[in-house]
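Once you've looked at the hints, go ahead and assemble the two chains, each given alone in its own frame, into the complex.
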Amino acid sequence: MSTATETPPRRRLADAHVSLADRIGEPAFRILCGLAALVAVALIIWIAETIFDKSGSAISKFGVGFLGHETWNPVTNNYGAATLIYGTFVSSLLAILIATPMAILIAVYLTELAPRFIRRPVAILVELLAAIPSVILGLWGIIILGPFMENHLEPFLHSFLSWIPLFSGTYSPLGMLPAVLILTIMALPIITAITREVFQSTDPQLKEGAYALGATRWEMVRMTVLPTGRPGIVGAVILGLGRALGEAIAVTQVIGNVAQIKASLFQPAGTMASWIANSYQSANPGLGQSSLIYLAAILLVVSLVVNIVARLVIRRTGRR
Amino acid sequence: MFAALGLAACGSSSSTKTVTAKEAANSGGGSSVGGATTLIGAGSTLVAPLMSEWQPAYDTAEKVAITYGAIGSGGGIEQITGRSVNFGASDAPLTPAEATACKGCIEIPWALAATDVAYHVSGVPNNLKLTGPVLAKMFTGQITAWNDPQIKQLNPGVSLPSTKIVPIHRTDGSGDTYAFTSYLSKVSPTFKSKVGNATTVSWPGGLGAKGNSGVGGALSSTNGAIAYIGISYVLENKFDSALIQNAAGQYPAPSPTSILAAADAVKTIPSGGTQGISLTDPPASAKGAYPISTFTYVIVPKTGSSAAVSAGLKKFIEWAVTTGQVGAQKLDFAPLPSPVVAADKQTIGLIQ
Numbered sequence: 001m002s003t004a005t006e007t008p009p010r011r012r013l014a015d016a017h018v019s020l021a022d023r024i025g026e027p028a029f030r031i032l033c034g035l036a037a038l039v040a041v042a043l044i045i046w047i048a049e050t051i052f053d054k055s056g057s058a059i060s061k062f063g064v065g066f067l068g069h070e071t072w073n074p075v076t077n078n079y080g081a082a083t084l085i086y087g088t089f090v091s092s093l094l095a096i097l098i099a100t101p102m103a104i105l106i107a108v109y110l111t112e113l114a115p116r117f118i119r120r121p122v123a124i125l126v127e128l129l130a131a132i133p134s135v136i137l138g139l140w141g142i143i144i145l146g147p148f149m150e151n152h153l154e155p156f157l158h159s160f161l162s163w164i165p166l167f168s169g170t171y172s173p174l175g176m177l178p179a180v181l182i183l184t185i186m187a188l189p190i191i192t193a194i195t196r197e198v199f200q201s202t203d204p205q206l207k208e209g210a211y212a213l214g215a216t217r218w219e220m221v222r223m224t225v226l227p228t229g230r231p232g233i234v235g236a237v238i239l240g241l242g243r244a245l246g247e248a249i250a251v252t253q254v255i256g257n258v259a260q261i262k263a264s265l266f267q268p269a270g271t272m273a274s275w276i277a278n279s280y281q282s283a284n285p286g287l288g289q290s291s292l293i294y295l296a297a298i299l300l301v302v303s304l305v306v307n308i309v310a311r312l313v314i315r316r317t318g319r320r
Numbered sequence: 001m002f003a004a005l006g007l008a009a010c011g012s013s014s015s016t017k018t019v020t021a022k023e024a025a026n027s028g029g030g031s032s033v034g035g036a037t038t039l040i041g042a043g044s045t046l047v048a049p050l051m052s053e054w055q056p057a058y059d060t061a062e063k064v065a066i067t068y069g070a071i072g073s074g075g076g077i078e079q080i081t082g083r084s085v086n087f088g089a090s091d092a093p094l095t096p097a098e099a100t101a102c103k104g105c106i107e108i109p110w111a112l113a114a115t116d117v118a119y120h121v122s123g124v125p126n127n128l129k130l131t132g133p134v135l136a137k138m139f140t141g142q143i144t145a146w147n148d149p150q151i152k153q154l155n156p157g158v159s160l161p162s163t164k165i166v167p168i169h170r171t172d173g174s175g176d177t178y179a180f181t182s183y184l185s186k187v188s189p190t191f192k193s194k195v196g197n198a199t200t201v202s203w204p205g206g207l208g209a210k211g212n213s214g215v216g217g218a219l220s221s222t223n224g225a226i227a228y229i230g231i232s233y234v235l236e237n238k239f240d241s242a243l244i245q246n247a248a249g250q251y252p253a254p255s256p257t258s259i260l261a262a263a264d265a266v267k268t269i270p271s272g273g274t275q276g277i278s279l280t281d282p283p284a285s286a287k288g289a290y291p292i293s294t295f296t297y298v299i300v301p302k303t304g305s306s307a308a309v310s311a312g313l314k315k316f317i318e319w320a321v322t323t324g325q326v327g328a329q330k331l332d333f334a335p336l337p338s339p340v341v342a343a344d345k346q347t348i349g350l351i352q
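Chains as they are written, first to last, in this note's numbering: chain A, 1 to 320; chain B, 1 to 352.
None of these hints come from the bench; they were simulated from the model.
Don't take every hint at face value.
Think about it this way: if two alpha-carbon atoms lie no more than 25 Å apart in a straight line, the pair counts; the simulated DSS-like pairs of lysine-lysine are [to be verified]:
id	chain 1	residue 1	chain 2	residue 2
1	A	K54	B	K103
2	B	K194	A	K61
3	B	K330	B	K345
Some residues of chain A that are not near chain B, with every Cβ distance over 10 Å (derived) [what the hints assert, rightly or not]:
id	residue
4	A21
5	E26
6	G63
7	V90
8	V122
9	L128
10	Q200
11	E208
12	Y211
13	T216
14	R222
15	V305
Beta carbons: idealized from backbone N, C-alpha and C, even for Gly.
The following block holds chain B by itself, in its conformation from the complex (with noise of 0.2 Å):
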């Protein structure tokens, strides 16, 4: 019934977008040639300051209007699952179940960014380091005091108070809830039995808030509190962000170059746009790699969108994954590696 409504309710708005993009089009004296001139998008937060950069400039290039609704990553999923936007937005790979619900779609890497990991404790300075064995420990309420000696270990020299530690965590679908889960999964055996890796986990206790803005707000309002959070966020927030060790045992900041020595870790890059692609928690190769990193991709359908639609999608994706990357470093995403890049264009290229 939910699925009948949402696919009545894409199939009005999306023939209501077509006439507006063709009345866009003769109005505006048809210098576009060939597509769209709104394109629709819904989904990830953590892309969302990274649209807005996108927006003013691929609306000078190609004339093209890009809008966006930053409703997290889920929520894009569920957009585009629905065909109520023409592209969604994820920060974490469909699931075998999501990509059956949204019938021929395609995901494609196109922006490279790390999730943070801040802090708010009185009497603690920034850049405080840890493992990622002790931040599931953190997480699921193992350690539970900022003075515990395992963190005391990592941090000689430093007086940790003895607050309680308040785990933060998204209670809608998000991308970084992926990345997160996905890097504890990883290094700690415990932490993937007990709570395990998906865009919406269960946690043992902690706070539960909405979107990366009221993670942001409750982390602000609570001292001994600890939250996984996108890097923008934090850099607006002046939070205090802790080092995280990496396989090689480094603690890089994450920053453009640590997230880049993380996606060159990738060997095999998948196109054909139904296979996402692991960052987090790279080989002890990988030097000075930002141990949870992140790609996220854009969901297109495959198939099935009206002809000026997807060849402005087409057109739009593919200045995305290029011209595109260079605005990207000014807001700390990383430029996708020039494999994935390759990887992008076939996969570009199956769009109908």
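Chain A on its own, in the form it takes in the complex (with noise of 0.2 Å):
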């Protein structure tokens, strides 16, 4: 569609008598979009190849072992990253185990049953959580959100299911729990608005062909909604997923910052990204900065590798 407006004024231009400003124009302005793209891919190789550089004394010294290795002692410059991707992993997977149902309701919601008037607003809205810059959710994390854990949420998970070891132990107003939650936050709002978009982009005629066949709205979303716009559920999950994995900051202020891996939700952890976050300054020279550099590596690594496959996801559904 665009192509089509943009070919025919391009060979008028060819044919009328052509300015010295534009003959030198076009070419310059070709080749500064192309620089800033150089720039782009360059930028991204440059820190790969950074981080990977920096943490070759770690990775030479540690090897594969530093994934499975728990102790993260500066005192004997010994270092270990298992309790820090478990951190990162099962605070980003809670984190994307909530938010996802509630997304997929509210794209349903919007979508579907809100009147016309409400779902342009309300879309606005959900997604403006996301432009809450994050240091302000962990902010509000520590008011707000700690303290409600401790006197009120964590008390009331641990009498219903103080029998599964997620909810045992003391109460604590940082912890994983709020990290999760404010992870959880975070992420929302992506998965919202992909999702919202995948589901208005369903075939109108397969809706129509629901109902034509009797069915209520709830079995056409069932029916239609939710099978064609599945692919494009995974690819915005991944895709917060994405998001939650390296979030430094709003996890370090409520995660209680301790690199240990315990049962219960309730006690203090901590994460790749928070861990570098804290703790890059004032590292040992030497070892100590380049496992920090070593953490990072990982945490590219998986990052890279899930916000691809989301595309290759988003992409396929596309494509239909």
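Following this line, the structure appears as structure tokens:
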């Protein structure tokens, strides 16, 4: 559509008398655009190269065993990422587990159920959640969410579910659970926005077909919107996961920052991103810094893989 | 690569600095003779309140503006290692690895302070008494509840709740961590072998927070919490603070007097700027000494600064260890003992 409108003026320009400025301007503009793209590509390669280069001494010292080693001890210069990898995945996966059903419900509401005049405002407000700077979410986590966790939510969960190790132990305003909820809030708008777009692109004929067969609105959603949107939802979830995996500041503010693996969600933990943010400036020169960059390398690989997978999945949906 | 980046960045920033310093000197009518008109430093948060006391005083006295970034001792060491500041400030002496990385840096003790032990337990009065070994057990998870018999025994007549103990520690490199773990390592062999002494250590459990202010925030929001924290944060937030037993068996509150008593116990003062002085756990002969006292250091490159900057640094540090000590006492810093000042002056002479 856009190419159709672009081509004719260009041809006309070539036919007419072309001024000198235009003759220089056109290729210059093309080179400028190309350079800008090149800078972006070079940047990602440069960053990746730096991270892998600087993590070299930790990689050669600890090898792959770094991933499964639980100690992080600056005194003995002995480092391992297991506790932080655990913290990263548990916090992000639980956040996605909560955010995904919520996002789907919101998307169904906004595309199929809500009165037309409130669809756009609500959609915009949900997406604005993503505009809140993470440090502000973290502050809110410290001031409101933490005390609420300790005094209400954690005792409530404990009273019903204490037989599950996840909800055992003493209550704390800072720990894995508030971090999970903060990450949920961050992932929710991303998953909602993409899911809503996917739902909107459901073929209206399919929907009408479902109604023609006598389906109720819920049955129509179940028969047409959800199945056709499934790959898109998966892509959205993976993108949300990518967001959660890399969040550093807000997580640092609420997670309690201890490199440990505890069954209970009430206990403090640490994630790779929060650990790097917390301790890079003061890490021991040499192996200490290199180990933190090794953490960064792991995080980078995980994030890139997650994002690439998400894009592939979403593109497959788009083609349908 | 990172180090290279740091060096490159500092190269450019220090050159801009000298330009601004020169410009300021020119436009300011050349009132300063043979010294920089601005000095830039960064590091310890413990010394930050003192720095805000010194800045206006030194500006008035010498017409030199001191810019200081309270980014933590570890950060201060990193910045001076990269030479992106004129001086770094740290509450912990440089480790051998840091000293090597810093390439010819010297450290000069320029203020004397204490790390407090504060707690937040509803139903427990202020000034609970604790000993070093008990404190070590609380931070390693061997004592888990506030009504533990070992705490009760030290505080007869105080009713203690069964609240769980939540030890809070610093996650960034911190001189407070250094002083606190130095003390606990000296009084508890278990702590020494399990945790050890450094600006960042591997804590078994508890809660981690960044900076003294982060620790203060976590402390005020967590019932049952105990933390080591700079004294100014205790006063500001009205935290309850513990009295720690010294080797003489006394329970002195952290104050300029009790900190000075700890400093007076140090018999040999090294000069030359390559050695720290440990004040934690002073001997029983030091009556009334607070056991978690610490020197805090200014770290400067021995050579390599521009002539204006090194002259400015020498003058400022000499002022800080002499005239500056008077202002320090208002903030519960103890004045430097005279042997330390004498050794400092010798060390300052090494800056070129």
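Now for the hints, and whether the structure bears them out:
no.	hint	result
1	K54/A <-> K103/B	20 Å, holds
2	K194/B <-> K61/A	23 Å, holds
3	K330/B <-> K345/B	23 Å, holds
4	A21	37 Å, holds
5	E26	37 Å, holds
6	G63	20 Å, holds
7	V90	17 Å, holds
8	V122	33 Å, holds
9	L128	27 Å, holds
10	Q200	43 Å, holds
11	E208	55 Å, holds
12	Y211	54 Å, holds
13	T216	49 Å, holds
14	R222	45 Å, holds
15	V305	24 Å, holds
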